[in-house]
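Participant: Mapping the sequence shown onto the numbering used here, position 239 (from 1) lands on 239, and the numbers just tick up by one.
It is worth saying that the hints were derived from the structure and are not from the lab. As the structure is a computational prediction, the values presented were derived from the model and not from experiment. Treat the hints loosely; a few may be bogus.
What the hints assert, rightly or not - Derived CB-CB ranges, DEER-like:
1) Thr-302 with Ile-83: 38 to 44 Å
2) Ile-83 with Phe-144: 43 to 49 Å
3) Tyr-176 with Val-52: 24 to 30 Å
4) Val-301 with Leu-188: 24 to 30 Å
5) Pro-264 with Arg-239: 47 to 53 Å
Using N, Cα and C, we set each Cβ at its ideal position, and we do this for glycine too.
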Amino acid sequence: SDVCSSDLSSGQKQKPNPAPQKPPANQLKRTKIDASMVGYIEDSAVQSQVRVRFDAGFNAPRPDRAEYFYAGTSSPASPSSAIQRTLNFQQLYLDGEYSPISRLSAFVQIPFRWIQPFFVPSPTLTPDLFSGGGISDVQAGLKFAAIAADPRNLTFQLRAYFASGDGRAGFGTNHYSIEPKVLLFQKLSDRVAIEAEAGDTHPIGGTIFTANAPSLSSPQQFAADVAMYGIGPSYQFIRRDSYRITPVLELVSWHVFGGLQTGPDKVVQSASGINVLNAKFGARASFSNGSSIYAGYGRGVTSDIWYRNLFRIEYRRVF
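Please model the entire structure based on the sequences and the hints provided.
Facilitator: Right, dumping it as structure tokens:
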């Protein structure tokens, strides 16, 4: 009986074996939120990504200036053609970038454009440009990150423009171009960053204006180099584990080194020395899965403008 009592006592002290625990589930691997917050300045990050961007621009009074937006003319306008007052446009961009190694990437951009020209009303004169849509000039290029480490990116980019859009219809420039740029991202604090760009669009070929004009000698090339430079500070206003909201202000400027433009009353004139400054206001919502959405508004603030107002929305996914 002593043995039985001892066994019972020891049995009461024994603890039941714990139930086998399941191994912890793998946590969701989050993609690092992209550092770039800008919507108009070029992105300095070298990475694999896709973008879908839509622009709606209003009041573009000199769309043939230096053949930067669409092709110019080779001869004076016909006396029977109406005077173009301004232009509205919309553009849809499909953009893909692939980075096989950490500091090098290649990209391609396919744009589609729709235009709506507006002419001075006249019972006798007829427009020489009509509303419509089509593919614009396809772009492709390379990016190389000379510096790619927190808190700074310094990237060299080379972009090529191909004459795939119909310049006579207002969809392209009718010439090739190359565009080298330097892109910078600099983090100033946990929430504040600044981004910048500087570059030049150099035309290869272009329309030759062959007729004399009051202020021109014949012949002259419509296209010309256009330098651009911009700066964009941003501030992470809302920061959560799964998303961030970042307002951004961008100032972008262009300088036209030469070329021509069609001025008032259909007179072709020099575009050399023109400076354009735009202010861009927007915000980007970035999510932990690598996607982001940008919405912003741009306005020309100088007397010479590419457009007076532009609205942009963009979806971006980084892989």
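Participant: It remains to establish, for every hint, whether it holds in the given structure.
Facilitator: To see whether the hints hold, each was checked on the structure:
1. Thr-302 with Ile-83: 38 to 44 Å: Violated, at about 23 Å.
2. Ile-83 with Phe-144: 43 to 49 Å: For Phe-144 against Ile-83, whose Cβ atoms are near 46 Å apart, the range 43 to 49 Å holds.
3. Tyr-176 with Val-52: 24 to 30 Å: Between Tyr-176 and Val-52, where Cβ atoms are some 25 Å apart, the hint holds.
4. Val-301 with Leu-188: 24 to 30 Å: Roughly 25 Å apart at Cβ, these two residues keep to the hinted range, so it holds.
5. Pro-264 with Arg-239: 47 to 53 Å: 50 Å, holds
The structure does not agree with numbered hint 1 stated previously, though it agrees with all others.
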